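What follows is the residue order along each chain.
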Amino acid sequence: GAGVSQTPSNKVTEKGKYVELRCDPISGHTALYWYRQSLGQGPEFLIYFQGTGAADDSGLPNDRFFAVRPEGSVSTLKIQRTERGDSAVYLCASSLSSPLTDTQYFGPGTRLTVL
Amino acid sequence: GEDVEQSLFLSVREGDSSVINCTYTDSSSTYLYWYKQEPGAGLQLLTYIFSNMDMKQDQRLTVLLNKKDKHLSLRIADTQTGDSAIYFCAERGSGAGSYQLTFGKGTKLSVIP
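From first to last, the protein sequence lines stand for chains A and B.
Per my numbering, numbering through the first sequence is continuous, rising by one, with the last residue being 115.
Per my numbering, numbering through the second sequence is continuous, rising by one, with the last residue being 228.
In case anyone wonders, no lab produced these hints; they're calculated from the structure.
Among the clues, some could well be false.
As the list claims (entries may be wrong) - A few chain B positions that, by computed beta-carbon distances, are all more than 10 angstroms from chain A:
{"id": "1", "residue": "GLY130"}
{"id": "2", "residue": "THR140"}
{"id": "3", "residue": "MET170"}
{"id": "4", "residue": "SER188"}
{"id": "5", "residue": "ARG190"}
{"id": "6", "residue": "ALA192"}
{"id": "7", "residue": "ALA200"}
{"id": "8", "residue": "LEU224"}
{"id": "9", "residue": "ILE227"}
To be verified - No farther apart than 35 angstroms at their CA atoms in a straight line, the calculated lysine-lysine pairs in the DSBU-like style are these:
{"id": "10", "chain 1": "B", "residue 1": "LYS183", "chain 2": "B", "residue 2": "LYS223"}
{"id": "11", "chain 1": "B", "residue 1": "LYS220", "chain 2": "A", "residue 2": "LYS17"}
{"id": "12", "chain 1": "B", "residue 1": "LYS171", "chain 2": "B", "residue 2": "LYS185"}
{"id": "13", "chain 1": "A", "residue 1": "LYS17", "chain 2": "B", "residue 2": "LYS151"}
{"id": "14", "chain 1": "A", "residue 1": "LYS11", "chain 2": "B", "residue 2": "LYS220"}
{"id": "15", "chain 1": "B", "residue 1": "LYS220", "chain 2": "B", "residue 2": "LYS151"}
{"id": "16", "chain 1": "A", "residue 1": "LYS11", "chain 2": "B", "residue 2": "LYS151"}
{"id": "17", "chain 1": "B", "residue 1": "LYS151", "chain 2": "B", "residue 2": "LYS182"}
{"id": "18", "chain 1": "B", "residue 1": "LYS183", "chain 2": "B", "residue 2": "LYS220"}
{"id": "19", "chain 1": "B", "residue 1": "LYS220", "chain 2": "A", "residue 2": "LYS78"}
{"id": "20", "chain 1": "A", "residue 1": "LYS15", "chain 2": "B", "residue 2": "LYS151"}
{"id": "21", "chain 1": "A", "residue 1": "LYS78", "chain 2": "A", "residue 2": "LYS15"}
{"id": "22", "chain 1": "A", "residue 1": "LYS15", "chain 2": "B", "residue 2": "LYS220"}
{"id": "23", "chain 1": "A", "residue 1": "LYS78", "chain 2": "A", "residue 2": "LYS11"}
What the hints assert, rightly or not - Quick partial rundown of chain A residues pointing at chain B, CB under 10 angstroms, derived from the structure:
{"id": "24", "residue": "SER9"}
{"id": "25", "residue": "LEU91"}
{"id": "26", "residue": "PHE106"}
Bear in mind that the values here come from a model prediction, so they are computed numbers and not experimental data.
Yeah, the Cβ is synthetic: ideal placement off N, Cα and C, and Gly gets one too.
Bound-form chain A, shown alone:
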């Protein structure tokens, strides 16, 4: 089947605007993760969902960031009042069930540029 998909692939916005980034995980994967990759860095964990609930959101940098997964499949990462420092590639990953053993498969990412 298809892999993890993310839309849009690129998003350019102005400072202070609101953005939504979408992730469609691999069918049947109950675990979903968001990571952020800044230029020249490795991905950094943001949030993890098991089903519909956020099991760990300790990586979200501040309260301008929020993510939802209302039906346990598609997830949306929401960023309010964007700042230039939010510019990065936002990666989504999914895994089968147990995050402790199942491999995370990544999508192509959304490149966010805040002007």
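Since the structure of chain A is already known, use the hints to place chain B on it.
What follows is chain B alone, placed relative to chain A:
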């Protein structure tokens, strides 16, 4: 907290073997991963190794794990120009938060024809 370190650059000639090294600090790491990232693309899982293994081979890829020294390496045999990419080492711990992967900054592999 956990930390994963990698050298930033590696350059090899086509046909030679490449060895990419990684060190990590979390002694409770359960799984260690190698991901490949090509320009403008997401992360592609290459291989992984469980912490109770010393070696894993998968076609041209060989992973070596020295758990005592917390050192992981990825060897690519007969390196091709298509192997040019950034390679990320990542580890997963066993305690709370073990669903998080901690990544290194990546090693950029350049293959010279």
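Test the statement that ILE227/B is away from the interface with chain A: the closest C-beta pair must be farther apart than 10 angstroms. 22 angstroms, holds
GLY130/B non-interfacial with respect to chain A [C-beta, more than 10 angstroms]: Answer for GLY130/B: holds, closest chain A Cβ roughly 29 angstroms.
Would you check whether the claim that ALA192/B is not at the interface survives, using Cβ distances to chain A and the 10 angstroms cut-off? 23 angstroms, holds
Pair hint outcome, LYS183/B versus LYS223/B [Cα-Cα no greater than 35 angstroms]: Status holds; Cα separation ~26 angstroms.
Using Cβ atoms and 10 angstroms as the threshold, tell me whether ARG190/B really stays out of contact range of chain A. 21 angstroms, holds
Verify the proposed pairing of LYS11/A with LYS151/B, using a straight-line Cα cut of 35 angstroms. Satisfied, since the Cα-Cα distance of roughly 24 angstroms is no more than 35 angstroms.
Please verify that hint: SER9/A, Cβ, nearest Cβ of chain B, below 10 angstroms or not. 9 angstroms, holds
Using Cβ atoms and 10 angstroms as the threshold, tell me whether ALA200/B really stays out of contact range of chain A. 14 angstroms, holds
Pair hint LYS17/A and LYS151/B, alpha-carbon separation not exceeding 35 angstroms: 33 angstroms, holds
Can the restraint linking LYS183/B and LYS220/B be considered satisfied, given a maximum Cα separation of 35 angstroms? 22 angstroms, holds
Is the hinted pair LYS151/B and LYS182/B satisfied, with a Cα-Cα distance of at most 35 angstroms? Roughly 22 angstroms between the alpha carbons, so the hint for LYS151/B and LYS182/B holds.
Restraint satisfaction for LEU91/A [CB to CB of chain B, less than 10 angstroms]: 6 angstroms, holds
Comparing the model with each numbered hint stated earlier shows that all of them hold.
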